[in-house]
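From first to last, the protein sequence lines stand for chains Y and U. All letters in the first sequence, in the order written, are residues 10 to 122 by my numbering. All letters in the second sequence, in the order written, are residues 11 to 120 by my numbering.
Calculated directly from the structure, the hints in this document are not laboratory data. Treat the hints loosely; a few may be bogus.
For the chain Y half of the interface with chain U, some residues (derived, Cβ under 10 Å), not all of them [claimed, not checked]:
#, residue
1, 93
2, 97
3, 107
4, 115
Quick look at which bits of chain U chain Y covers, simulated, 3 or more residues with Cβ under 8 Å [to be verified]:
#, stretch
5, 48–61
6, 110–120
Distance windows between CB atoms, simulated [to be verified]:
#, chain 1, residue 1, chain 2, residue 2, range
7, Y, 47, U, 32, 14 to 24 Å
8, U, 120, Y, 25, 41 to 51 Å
9, U, 18, Y, 95, 45 to 55 Å
10, Y, 60, U, 120, 46 to 56 Å
None of these values were measured; they are calculated from a predicted model. Virtual Cβ for every residue (Gly too), placed ideally from N, Cα, C.
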Amino acid sequence: KAGVTQTPRYLIKTRGQQVTLSCSPISGHRSVSWYQQTPGQGLQFLFEYFSETQRNKGNFPGRFSGRQFSNSRSEMNVSTLELGDSALYLCASSLYAGKETQYFGPGTRLLVL
Amino acid sequence: TQLLEQSPQFLSIQEGENLTVYCNSSSVFSSLQWYRQEPGEGPVLLVTVVTGGEVKKLKRLTFQFGDARKDSSLHITAAQPGDTGLYLCAGAHGNEKLTFGTGTRLTIIP
Numbered sequence: 010k011a012g013v014t015q016t017p018r019y020l021i022k023t024r025g026q027q028v029t030l031s032c033s034p035i036s037g038h039r040s041v042s043w044y045q046q047t048p049g050q051g052l053q054f055l056f057e058y059f060s061e062t063q064r065n066k067g068n069f070p071g072r073f074s075g076r077q078f079s080n081s082r083s084e085m086n087v088s089t090l091e092l093g094d095s096a097l098y099l100c101a102s103s104l105y106a107g108k109e110t111q112y113f114g115p116g117t118r119l120l121v122l
Numbered sequence: 011t012q013l014l015e016q017s018p019q020f021l022s023i024q025e026g027e028n029l030t031v032y033c034n035s036s037s038v039f040s041s042l043q044w045y046r047q048e049p050g051e052g053p054v055l056l057v058t059v060v061t062g063g064e065v066k067k068l069k070r071l072t073f074q075f076g077d078a079r080k081d082s083s084l085h086i087t088a089a090q091p092g093d094t095g096l097y098l099c100a101g102a103h104g105n106e107k108l109t110f111g112t113g114t115r116l117t118i119i120p
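Generate coordinates for the entire structure from the input sequences, incorporating the hints supplied.
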């Protein structure tokens with residue numbers, strides 16, 4: 010089975026712009042979660058989608074949003090980018106929602122200038 | 011938010027040495043997972059422990075879940091350069107989302 014894929018792998022944006030990141034889960038997985046990873050804060054949970062519905066949400070501002078499509082693919086969007094949004098954004102898929110084992114993609118490294 | 015503190019934060023040792031890293035919380039977890047993340051990659055699951063006091067071995071890696079299910083340890087015997095990476099523990103409460111620890115960045119020097 011192909012693993013979780015994320016596009017793009019690297020991205021450079023400037024403050025105030027918006028960005029959309031894409032994630033394709035492992036075939037058959039219905040849950041997709043997004044995480045932000047930074048050296049200072051570690052791995053922080055953004056949100057989880059299951060069957061096109063947001064099931065859980067982390068403690069991030071409304072500038073961070075996401076959605077899931079009927080084929081389980083997911084996108085996350087960050088509007089009005091700030092310098093502090095520079096991070097590795099990881100997508101993970103699992104068969105079901107909740108505490109299931111997370112299968113991570115390689116991440117999208119976002120740099121905000 | 012239930013915090014998972016990992017220690018040490020950074021560890022650099024010579025090839026062949028043994029080491030132990032810790033994952034601690036004040037909360038009880040229904041299960042705990044350990045992941046390893048290598049540079050340029052996402053974390054990969056190493057093991058899941060469920061029962062208090064449970065010990066699992068994966069080649070040279072030994073994982074233990076505390077009796078009270080609030081803490082866990084990872085012991086590596088005869089460390090090799092391939093063990094280098096960021097080790098993350100992640101705890102679950104019931105069916106709620108996993109909470110990831112702060113991480114231990116391990117470097118094995120050849």
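Hints, one by one, checked against the model:
1. Using the Cβ-Cβ criterion of 10 Å, the hint placing residue 93(Y) at the interface with chain U is not satisfied: the shortest such distance is roughly 18 Å.
2. For residue 97(Y), the interface hint holds, the least distance from its beta-carbon to any beta-carbon of chain U being 9 Å, beneath 10 Å.
3. Hint on residue 107(Y) holds. Least Cβ distance to chain U is approximately 4 Å, under the 10 Å limit.
4. Of the supplied interface hints, the one on residue 115(Y) holds, with its beta-carbon coming within about 6 Å of a beta-carbon of chain U, less than 10 Å.
5. Here's how the stretch 48–61 of chain U fares: 7 of its residues keep a CB closer than 8 Å to some CB of chain Y, so the rule of at least three is met and the hint holds.
6. For the stretch 110–120 of chain U, the stated coverage by chain Y is satisfied: 4 residues place a CB nearer than 8 Å to a CB of that chain, which reaches the threshold of 3.
7. Checked against the hint of 14 to 24 Å, the pair residue 47(Y) and residue 32(U) passes, with Cβ atoms roughly 22 Å apart.
8. Checked against the given bound of 41 to 51 Å, the beta carbons of residue 120(U) and residue 25(Y), roughly 46 Å apart, stay inside it.
9. For the hinted restraint 45 to 55 Å between residue 18(U) and residue 95(Y), the CB-CB distance of approximately 26 Å leaves it violated.
10. Evaluation of the 46 to 56 Å hint for residue 60(Y) and residue 120(U) yields a pass: the beta carbon distance comes to about 48 Å.
Of the hints listed earlier, those the structure fails to meet are numbers 1, 9, in rising order.
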